[in-house]
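Trainee: Order-wise, the sequence lines are chains A and B. Quick note on numbering: our numbering labels position 171 of the first sequence as 828, and the sequence is numbered without any gaps. Quick note on numbering: our numbering labels position 214 of the second sequence as 871, and the sequence is numbered without any gaps.
Keep in mind the hints are simulated off the structure, nothing from the lab. For glycine and all other residues, C-beta sits at the position ideal for the given N, C-alpha and C. Treat the hints loosely; a few may be bogus.
Within a straight-line C-alpha distance of at most 25 Å, the following computed BS3-like cross-link-like pairs (lysine-lysine) qualify [stated by the list, open to error]:
| id | chain 1 | residue 1 | chain 2 | residue 2 |
| --- | --- | --- | --- | --- |
| 1 | A | Lys-873 | B | Lys-687 |
| 2 | B | Lys-833 | A | Lys-685 |
| 3 | B | Lys-687 | A | Lys-685 |
| 4 | B | Lys-857 | B | Lys-829 |
| 5 | A | Lys-687 | A | Lys-795 |
| 6 | A | Lys-857 | A | Lys-873 |
| 7 | B | Lys-685 | A | Lys-833 |
| 8 | B | Lys-829 | B | Lys-795 |
| 9 | A | Lys-750 | B | Lys-857 |
| 10 | B | Lys-685 | A | Lys-873 |
| 11 | B | Lys-750 | A | Lys-704 |
| 12 | A | Lys-704 | A | Lys-833 |
| 13 | B | Lys-873 | A | Lys-685 |
| 14 | B | Lys-795 | B | Lys-685 |
| 15 | B | Lys-833 | A | Lys-873 |
| 16 | B | Lys-687 | A | Lys-704 |
| 17 | A | Lys-704 | A | Lys-857 |
| 18 | A | Lys-687 | B | Lys-903 |
| 19 | A | Lys-704 | B | Lys-685 |
| 20 | B | Lys-873 | A | Lys-687 |
| 21 | B | Lys-704 | B | Lys-873 |
| 22 | B | Lys-903 | B | Lys-857 |
| 23 | B | Lys-704 | A | Lys-750 |
| 24 | B | Lys-857 | B | Lys-704 |
| 25 | A | Lys-795 | B | Lys-873 |
| 26 | A | Lys-704 | B | Lys-704 |
Per label pair, the in silico range of CB-to-CB distance [said to hold, decoys possible]:
| id | chain 1 | residue 1 | chain 2 | residue 2 | range |
| --- | --- | --- | --- | --- | --- |
| 27 | B | Leu-908 | A | Ala-714 | 30 to 40 Å |
| 28 | B | Thr-838 | A | Gln-777 | 22 to 32 Å |
| 29 | B | Ala-825 | A | Gly-753 | 37 to 47 Å |
Number of protein chains: 2
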Amino acid sequence: MTGTSEPAQIVTAGLLVIGDEILSGRTKDKNIGYIAEYLTTIGIELKEVRVVADEEAAIVEALNALKSRYCYVFTTGGIGPTHDDITADAVAKAFGVSIDHHPEAVALLRARFGGAELNQARMRMARIPAGGELIRNKVSTAPGFRIGNVFVMAGVPTIMQAMLDFVAPTLKTGAKMLAETLRADAREGDIGGPLADIAKAHPETMIGSYPFFDDKRGPNTNIVVRSRDPARLAAAKAAVETMLAKVREAL
Amino acid sequence: MTGTSEPAQIVTAGLLVIGDEILSGRTKDKNIGYIAEYLTTIGIELKEVRVVADEEAAIVEALNALKSRYCYVFTTGGIGPTHDDITADAVAKAFGVSIDHHPEAVALLRARFGGAELNQARMRMARIPAGGELIRNKVSTAPGFRIGNVFVMAGVPTIMQAMLDFVAPTLKTGAKMLAETLRADAREGDIGGPLADIAKAHPETMIGSYPFFDDKRGPNTNIVVRSRDPARLAAAKAAVETMLAKVREAL
Chain A
658 MTGTSEPAQI
668 VTAGLLVIGD
678 EILSGRTKDK
688 NIGYIAEYLT
698 TIGIELKEVR
708 VVADEEAAIV
718 EALNALKSRY
728 CYVFTTGGIG
738 PTHDDITADA
748 VAKAFGVSID
758 HHPEAVALLR
768 ARFGGAELNQ
778 ARMRMARIPA
788 GGELIRNKVS
798 TAPGFRIGNV
808 FVMAGVPTIM
818 QAMLDFVAPT
828 LKTGAKMLAE
838 TLRADAREGD
848 IGGPLADIAK
858 AHPETMIGSY
868 PFFDDKRGPN
878 TNIVVRSRDP
888 ARLAAAKAAV
898 ETMLAKVREA
908 L
Chain B
658 MTGTSEPAQI
668 VTAGLLVIGD
678 EILSGRTKDK
688 NIGYIAEYLT
698 TIGIELKEVR
708 VVADEEAAIV
718 EALNALKSRY
728 CYVFTTGGIG
738 PTHDDITADA
748 VAKAFGVSID
758 HHPEAVALLR
768 ARFGGAELNQ
778 ARMRMARIPA
788 GGELIRNKVS
798 TAPGFRIGNV
808 FVMAGVPTIM
818 QAMLDFVAPT
828 LKTGAKMLAE
838 TLRADAREGD
848 IGGPLADIAK
858 AHPETMIGSY
868 PFFDDKRGPN
878 TNIVVRSRDP
888 ARLAAAKAAV
898 ETMLAKVREA
908 L
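Model the full structure from these sequences, guided by the hints.
Mentor: Written as structure tokens, this is what we have:
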């Protein structure tokens, strides 16, 4: 049986990317695509992403909007040792809690940085909002943290990825979204009509159409059929294949 | 004179990326970084980015938030010929206006697609909210459009880029943000304290600190000093250089 009788559990997430350098274009974000693919793979549906500047009011507002709306919120950026790293303070403000040096985080830094090396700047990285639990990682000493449904991670991709690996086993996940990609060998405009009919006939299957340029034949289209239910996916996929065969014949 | 006596005019923008394929991770967005860099170069400050799914309510909500907040809003995605292209309808809804086939857009499509080729699906691409003006491009026939302070562009990077070139000369721009990058040759944690002091002493200059991994010496840091005022930029840059020389001597 395919489970069509029970609605699949859906676990949602929002992502908040924090950093002037992304908005100025100086740094090209590599985390959105990575996190999107990662969450899809483990059965969490990323519903919204926001990118905001290193400004407390902007971070607090976006965080409050996302954390009330989705099961989980992930943030990247702004947890380093410099004055422009204000994410932890903004998160504390959004949750209405105090922020202080976390003994476990201080111990981690002490084990890594001796004597004068553990200066006030580095100690900033041990400041965690009250109630926060550390997110360890194998790349750097400074931890991220989880508070409520919010996971605060580093902006450096290798560190962020290690943090995501650390938290993934603790996340509730839903039925995985299954997807099949069909190469149309036709232009989007040639299949738009019949594809819309198929989408209407399969309302619980998501059907996306993505044009691309094919070096051999010019404008081409990928059709992506998505569903949490294998039987529904197969039915919609078959309908698209039949339609494509007819369209190609007529071209 | 450097213009410090008059406050520089600031022109802000928001960006709305529309597409399930970005949120599923299937397609990695290439437009955010491009648009961010482009706007910075011409003197427009990108303040916020949102990525939402192909869902009308989500698009309308994000659009209303961004268009009331920033001078300009740019959108990418969802203006093709298939059923999942719902951006034009969502924009019409956000502005509370009707939507219909735009004569100029229809003429463009007619010139390109003969007879039966100009089917209902392709005609979708000529549907423009009332009051919208076309955004032409040299790559594809189907236009984007501008309505109020919102610029609706394609999701395919080459087409979006051509549309941005088309609209750029019509945009009001502010004083350009100037930036200087200084390679610290020190770890972020070693410069965090003195850098914070410099940031405090130069409140109208933005100073960002970005760690990176240097193959030769390991953890390293780029410091980016930004200001619209050349004199302020130079003063903050000089302060950072003096500080870095001292820190390196002590290491």
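Trainee: So if I understand the rule, the pair passes when the alpha-carbon distance is 25 Å or less; does A:Lys-795 with B:Lys-873 pass?
Mentor: holds, 21 Å
Trainee: If you draw a straight line from the CA of B:Lys-873 to the CA of A:Lys-685, is it 25 Å or shorter?
Mentor: holds, 23 Å
Trainee: Using the beta carbons of B:Thr-838 and A:Gln-777, state whether their distance is inside 22 to 32 Å or not.
Mentor: holds, 25 Å
Trainee: Starting from B:Lys-750, check that the Cα of A:Lys-704 is at most 25 Å away, please.
Mentor: holds, 21 Å
Trainee: Is the Cα-Cα distance between B:Lys-687 and A:Lys-704 25 Å or less?
Mentor: holds, 19 Å
Trainee: Hey, A:Lys-687 versus A:Lys-795, does the alpha-carbon distance stay inside 25 Å?
Mentor: With a Cα-Cα distance of about 19 Å, the restraint between A:Lys-687 and A:Lys-795 holds, given a limit of 25 Å.
Trainee: Given the hint that B:Lys-873 pairs with A:Lys-687, does the C-alpha gap stay at or below 25 Å?
Mentor: holds, 23 Å
Trainee: For the pair supplied as a hint, A:Lys-750 and B:Lys-857, confirm whether the alpha-carbon distance does not exceed 25 Å.
Mentor: Since the Cα atoms of A:Lys-750 and B:Lys-857 sit roughly 22 Å apart, the hinted pair holds (cutoff 25 Å).
Trainee: Would you check the hint for B:Lys-704 and B:Lys-873, treating anything up to 25 Å between C-alpha atoms as holding?
Mentor: violated, 35 Å
Trainee: Taking 25 Å as the top limit, are the C-alpha atoms of A:Lys-857 and A:Lys-873 close enough?
Mentor: violated, 32 Å
Trainee: Below or equal to 25 Å on CA atoms is what counts here, so check B:Lys-685 against A:Lys-833.
Mentor: holds, 20 Å
Trainee: Is the hinted pair B:Lys-704 and A:Lys-750 satisfied, with a Cα-Cα distance of at most 25 Å?
Mentor: OK: B:Lys-704 and A:Lys-750 at ~21 Å, within 25 Å.
Violated hints for the displayed structure, listed by number in ascending order: 4, 6, 15, 18 and 21.
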